[in-house]
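> So you can see what is in the structure, the chains are spelled out below.
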Amino acid sequence: MSDLAKFRAEARAWIEENCPTSCRGENSFLPDMVWGGRRQTFEHDDVKLWLDRLIEKGWTVPTWPQEYGGAGLTDAERDIVLQEMSAAGTRSPLFSFGIAMLAPALMEFASEEQKLKFLPPIARGEIRWCQGYSEPGAGSDLASLQTRAVKEGDEYIVNGQKIWTSDANLSDWIFCLVRTEPQASKHEGISFLLIDMETPGVSTSPIELISGASPFCQTFFEDVRVPTSHLIGEENKGWTVAKRLLQHERGMLSAYTRGARINPTEQITKFARRELGDADGRLTDQAVRDELTQLAFDRLCYEATLQRTMDAAEAGKGMGPESSMFKLYLSELGQREADLRQRIAGRHALVWQGEDCPPQEKELTRGWLYNQASTILGGTSEIQLNIIAKRVLGLPD
Amino acid sequence: MQMILTEEQELLRDSVASFAQDKCDVGQLRALRNQMTGPGFDEALWKDAAELGWLGIPFSEDYGGLGLGYAELGIVLEELGKKLVNLPILSSIVMGGGAIARGGTEALKTALLPGICDGSVLSTLAYQETNRHNPYFVETSAEMIDDTWVLSGRKVLVLDGTDADHIVLLARSSNGATDRDGLSLFVVPCDANGLVRKRNILLDSRVAATIELDNVKVGATTLLGRADEAADIVDLVLAQSAIALSAEMLGGIQQAFDTTLEYLKLREQFGAKIGSFQALKHRAARWFCELELTRSIVMKALRAIDEGSDDLVQLASVCKARASSAFHQSGKEGIQMHGGIGVTDEMDIGFFFKRARVTEMLLGDAGFHRNAYAALSAY
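For the protein sequence lines, the chains are A and B, in the order given. At position 7 of the first sequence the residue is numbered 7 (my numbering), and the sequence of numbers has no breaks. If you count the second sequence from 1, you need to add 397 to reach my numbering.
Derived by calculation from the structure, the hints in this document are not laboratory data. Mixed in with the good hints there might be a few duds.
[What the hints assert, rightly or not] Calculated lysine-lysine pairs in the BS3-like style (CA-CA distance at most 25 angstroms, straight line): (1) B:K670 - A:K390; (2) B:K662 - A:K390; (3) A:K390 - B:K729.
All values derive from a computational prediction rather than experimental measurement.
Turn these sequences into a full structure, and let the hints steer you where they fit.
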């Protein structure tokens, strides 16, 4: 048996032995999604048990070195673990901005001391992180941010305001872009700081969106004292760290539906058949049918492109800034799909609240409203087009 | 099958690309569009293509082919498509030859395929009767009288029909005009008594013929597959033709894009390169996305032909619809971004617009394929 085949057999056996049955297969949709952090509570003991066992095994972050809380696996071994978990239908143990976004930047830019301090609690899901990038005056033009950090001895004094900090009110720490050198050109004077949300002077307030309550917050900093040891990378070189992190964010956003079990167009087709009726097996509404087919085609082409990219990456011919294309296309496609679905729902799609509307319809309507943000967050569609035009097509400034 | 080119495929691409660079020129379409007699393509180029072995790519070695597949033929079509090359590859290799390879008896294959592979015999497929693509609408009649098939009717838009040595003809041997059942395919020599051909030069300088048959008699051995049951063969041949055409279109899309992108970086107005204007940058970026999506589905569909995939017909619809809309957009954006000179005959970009127009309708436009796909997917 090859080493990998042996590893697969061991992984399978370990999952079989350690994953509680309530965390697998159809049962895996236990309601509490685990984001970790100081305020994490568990409605189901098994969910905690499964997480604890994975943490102990190092499999919340399989490829990280053991000293940072990982299992030191190779990419091939990690793929096997994920395949086996997926085959067993196990629930995702931990969702984490710390793992997906911050950690790759720490691995690249942090000192050894900082890695040992910050990475293990991320791996164990003990600290929940949020992102402090955008400001009221710095959205697409992120580099114009104004939150100020002034060095005083071995501390920075931070003053300013961040916006769109997802789940800031539930998070323990925030990774933040701050201006440390106001005289420099705008990309030059930025630094990357890690701030404990419990520090005096940090406060948050939730933002209400067009869809109602949302995970987004504003976060305020008033004379917040941050040890200089929490600076990642060099002072005034934070933009480099930030850019790397944004790439991970875009990758994460476009990967969301990659493993989706449900094909959106099939789902809408089923819904359309129920709502609009069919004749001889065909949808009676030709306009809906044509639009639906166009969406099905576009999704197939998108998926073929993802597949091609993965095949190319495997063969060592990776894509670069083309990743902007995926975020752009998927967010717009998702909006078109949701929009058609809502138009098929008709009057149900118009209810904000009330007595005569199925509750899931109201939820979908709120989701449709919320989804308007998908072409804005993580870099607007227009910013993605700028990136493609500049970096891929080489068009002049 | 992985959606990347193998080393051999990359070599093939490079060799076709350098051939096209040396020997092919979009400008040759200016001469071909006025050539009312003689061949509708460059015969020397055809000879070269045959000598390089490209024509035999998808056919078995038993019949003089190379025993490769559509993943490879697609590369040839794409690279030649970049130069808008007019060669009867789609008509003779993919459509006529493809039908014979799929449905022909051993005797027919042995008799015809070696000539098709070496380019000495030109085949084509005559299926269309209505102005728009509607493959099951067939009124051309096939009647068996004294062991002989008697064929009468009229076929339109037969690609390279005036140059072909024989046509693979779709005719109705039973049932009514729009039925899927009751169709039969015949190999009909173009010098048969009662067969008349009329030549049309299309917008893109490609030649297509109208073919009239008045009691044309052919023997029982010219039948492909079984009488009345040709629809299964036709579906597959039209599917692989739509995919192969999409590969050719992909080349046109890529070249129109590259040419226009270059122009955006050169042309100056208001004291700046026009490629620095965001209005054009964003359009170019969106165009790039459409191009990449088209490339992906074309690669997937070409490989599906080689794998004998079950959903080939559906996939062909996805592929052709995408190629049609992307090429349409490419032609239009190409002209628009070139500005005034974009609509002059002096510039080549107009030929891409014209080729886009013809190919987006050939073998079914985007609307046809959306409807066909929806019907096959039962919605």
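> Which numbered hints are broken by the structure, listed smallest first?
Per hint list: zero violations.
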